[in-house]
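J.: One letter stands for each residue in the lines below.
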Amino acid sequence: MENKIKKVDLIFEKIDYVEILDRTFKRTQDEIILDIIDSGLRGRGGAGFPTGLKWKFAKNEESDQKYVICNADEGEPGTFKDREILTQVPEKVLAGMAICGKATGANEGYIYLRGEYNFLLPSLYKVIEEFHARLKELNFDFTIRIKSGSGAYVCGEETALMESMEGKRGEPRNKPPFPTTAGYLGKPTSINNVETLVFALMIAKEGPSQFKEMGTFDSRGSKVFSVSGDTPKAGIYELELGMSLEDFVNEFGDGDTKAVQIGGASGYCVARKHFKETVIGFEGIPTGGSMMLFNSTRSMYNILTDYLEFFEEESCGQCSPCRVGCQQLLKGIEAVKKGIKPPAYLDDLQKLSETMKLASKCGLGQSAPNPFNSIINNFREEIIY
Amino acid sequence: MTNIEEFVKKQAEVHGKSRESLMPILQAVVQSERFLSEEAMVAIATELDISTADVFGTASFYTFLDTVPRGRNIIRVCKTITCHMKGKDAVIGALEDTLKIKLGETTSDRRFSLLQANCLGWCHKGPVMLINDEVYPEVTPQSAVEVIQEYLKQK
Numbered sequence: 049m050e051n052k053i054k055k056v057d058l059i060f061e062k063i064d065y066v067e068i069l070d071r072t073f074k075r076t077q078d079e080i081i082l083d084i085i086d087s088g089l090r091g092r093g094g095a096g097f098p099t100g101l102k103w104k105f106a107k108n109e110e111s112d113q114k115y116v117i118c119n120a121d122e123g124e125p126g127t128f129k130d131r132e133i134l135t136q137v138p139e140k141v142l143a144g145m146a147i148c149g150k151a152t153g154a155n156e157g158y159i160y161l162r163g164e165y166n167f168l169l170p171s172l173y174k175v176i177e178e179f180h181a182r183l184k185e186l187n188f189d190f191t192i193r194i195k196s197g198s199g200a201y202v203c204g205e206e207t208a209l210m211e212s213m214e215g216k217r218g219e220p221r222n223k224p225p226f227p228t229t230a231g232y233l234g235k236p237t238s239i240n241n242v243e244t245l246v247f248a249l250m251i252a253k254e255g256p257s258q259f260k261e262m263g264t265f266d267s268r269g270s271k272v273f274s275v276s277g278d279t280p281k282a283g284i285y286e287l288e289l290g291m292s293l294e295d296f297v298n299e300f301g302d303g304d305t306k307a308v309q310i311g312g313a314s315g316y317c318v319a320r321k322h323f324k325e326t327v328i329g330f331e332g333i334p335t336g337g338s339m340m341l342f343n344s345t346r347s348m349y350n351i352l353t354d355y356l357e358f359f360e361e362e363s364c365g366q367c368s369p370c371r372v373g374c375q376q377l378l379k380g381i382e383a384v385k386k387g388i389k390p391p392a393y394l395d396d397l398q399k400l401s402e403t404m405k406l407a408s409k410c411g412l413g414q415s416a417p418n419p420f421n422s423i424i425n426n427f428r429e430e431i432i433y
Numbered sequence: 081m082t083n084i085e086e087f088v089k090k091q092a093e094v095h096g097k098s099r100e101s102l103m104p105i106l107q108a109v110v111q112s113e114r115f116l117s118e119e120a121m122v123a124i125a126t127e128l129d130i131s132t133a134d135v136f137g138t139a140s141f142y143t144f145l146d147t148v149p150r151g152r153n154i155i156r157v158c159k160t161i162t163c164h165m166k167g168k169d170a171v172i173g174a175l176e177d178t179l180k181i182k183l184g185e186t187t188s189d190r191r192f193s194l195l196q197a198n199c200l201g202w203c204h205k206g207p208v209m210l211i212n213d214e215v216y217p218e219v220t221p222q223s224a225v226e227v228i229q230e231y232l233k234q235k
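Heads up: the protein sequence lines correspond to chains A and B, in order.
Residue numbering for the first sequence follows our numbering, starting at 49 and increasing by one per position.
Residue numbering for the second sequence follows our numbering, starting at 81 and increasing by one per position.
FYI, nobody ran anything at the bench for these hints, they're computed from the structure.
A couple of the hints might just be wrong.
Stated by the list, open to error - Stretch by stretch, here's where chain B covers chain A in the computed footprint (C-beta under 8 Å, at least three residues):
(1) 291-300
(2) 325-337
(3) 425-432
As the list claims (entries may be wrong) - Beta-carbon label-pair distances, calculated as ranges:
(4) 137(B) - 66(A): 41 to 51 Å
(5) 137(B) - 111(A): 25 to 35 Å
(6) 180(B) - 67(A): 34 to 44 Å
(7) 375(A) - 187(B): 29 to 39 Å
(8) 133(B) - 379(A): 29 to 39 Å
(9) 176(B) - 283(A): 46 to 56 Å
(10) 234(B) - 403(A): 31 to 41 Å
(11) 97(B) - 170(A): 19 to 29 Å
(12) 67(A) - 173(B): 19 to 29 Å
Backbone N, C-alpha and C fix where the C-beta goes; we use that ideal spot for every residue, glycine too.
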């Protein structure tokens, strides 16, 4: 059988970043941004906003102070790639931040590191110190600092993250204004995922064409996947985007894969019968990297309960569709399971989940219904009986 | 000035007195005391010149900023899906038996608190537990107990 999974090695490849920075700092802001736009790079945290456009918006803002933030609040269940990137190639992340700083006109950068990864702090401080010395040699004014999280999933949402950095409760803000206009401390801020910043460095190194030639029209390039669950090959893999889920399961499954959760707890559950037509990418089901495989020994009811408990605990509680919705979805399936509510109650819950999608303030409440609906639609009988 | 007031004052000198310093100061107190006492929160509010309600409101938002007394070593076992699938319940059971406490409780000598946490980011190596900032991936009930026994040997 032909192997349709294409492994790539851009993220973890060791490179001489100083030479690339030297070259990039001599270019104009527009040249750097145009390359990123041309490459088709989209944010690797999950939402997939075009990175070049984000940088362009931040660059176009007039301000005495701008910021670059590296979002390392990797909290999505099933995702652990950013930890691995920050462990193996932290200097590449810092270099990506400096390039973003050059492109947008920011001279201060922050890494928001989740509290669960505090053990990385000593090594990161060391790498940052060395990095600052290299920047000084290149005569480039850019300072990177670290801010730590304290165990709140919602702080991965960009505006909640900025609230947290400002010393407040991590409650998402209304958008607009978007962070590129008014971000950290109300200043224009470009906030990017850890992996996105490394790709930006690699595009600065090779030019946009290498990246652009990989993947599909909607999903250019490669992506680091975090593979876990019922698989003999759990771990981190950088793969070209646009593969079908069937090919993915042939490579990573244990031969008995019943369902795959793409995109973590806030993503979608795909049942075996849909593996073939499901594309992993922005034209199909996008993912921040999380791929959790389940085999036929697993109860989908238990899996869904787990996800809903997660959201019920992690909802910030600011807006009622999410706060109450997450609680009711969880209580609802428990009631149906116990026979307190009839199976048709699941239809009512699905209506509630539509309301959550429409009325929740941020991505958490808008995406909590994803696992709910996809599991109910595919495995309704497992929830009822 | 009490010890905690002095500690808070020192932290405010390191991190500054602006609102952005609140998180680093709260984190420093938790790092040293393992939780935020009422006294500590009042001291922080006074030092940063913000209301005590603001300090408590912020602290209580974050799982790792405990406002109830905790033990010197905080054990957090990941409870999210893949760790659940790989047997975190058995690990918690073994820890409960060893420490003679239930989940969520602190030992009477205040050496250990046993808690659960949402995804810790080690899904490929579950079950995983965090003791303070130290990570222990791929633990079994037996290896988890051995880790605790190592901690018990330290004074």
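J.: Against this structure, judge whether each hint is valid.
T.: Hint by hint, here is what the structure shows:
Counting residues of the segment 291-300 of chain A whose beta-carbon sits less than 8 Å from any beta-carbon of chain B gives 0, not enough to reach three: the coverage restraint is violated. By the rule of at least three residues with a Cβ nearer than 8 Å to a Cβ of chain B, the coverage given for the segment 325-337 of chain A is violated, with 0 such residues. Under a criterion of three residues with beta carbons nearer than 8 Å to beta carbons of chain B, the stated coverage of the segment 425-432 of chain A fails, only 0 such residues being counted. The hinted range of 41 to 51 Å is satisfied by residue 137(B) and residue 66(A), whose Cβ atoms lie roughly 45 Å apart.
For the hinted restraint 25 to 35 Å between residue 137(B) and residue 111(A), the CB-CB distance of approximately 30 Å keeps it satisfied. About 59 Å separates the C-beta atoms of residue 180(B) and residue 67(A), a value inconsistent with the hinted range of 34 to 44 Å. For the pair residue 375(A) and residue 187(B), the supplied restraint of 29 to 39 Å holds, since their beta-carbon distance comes to about 32 Å. For the pair residue 133(B) and residue 379(A), the beta carbons lie near 31 Å from each other, so the given range of 29 to 39 Å is met.
Remark: the range hint 46 to 56 Å for residue 176(B) to residue 283(A) is contradicted by a beta-carbon distance near 31 Å. With their beta carbons about 53 Å apart, residue 234(B) and residue 403(A) fall outside the hinted range of 31 to 41 Å. The hinted window of 19 to 29 Å between residue 97(B) and residue 170(A) holds, with their beta carbons roughly 27 Å apart. At about 54 Å, the beta-carbon gap between residue 67(A) and residue 173(B) misses the expected band of 19 to 29 Å.
Violated hints, listed in ascending order, are 1, 2, 3, 6, 9, 10, 12; each of the other numbered hints is respected by the structure.
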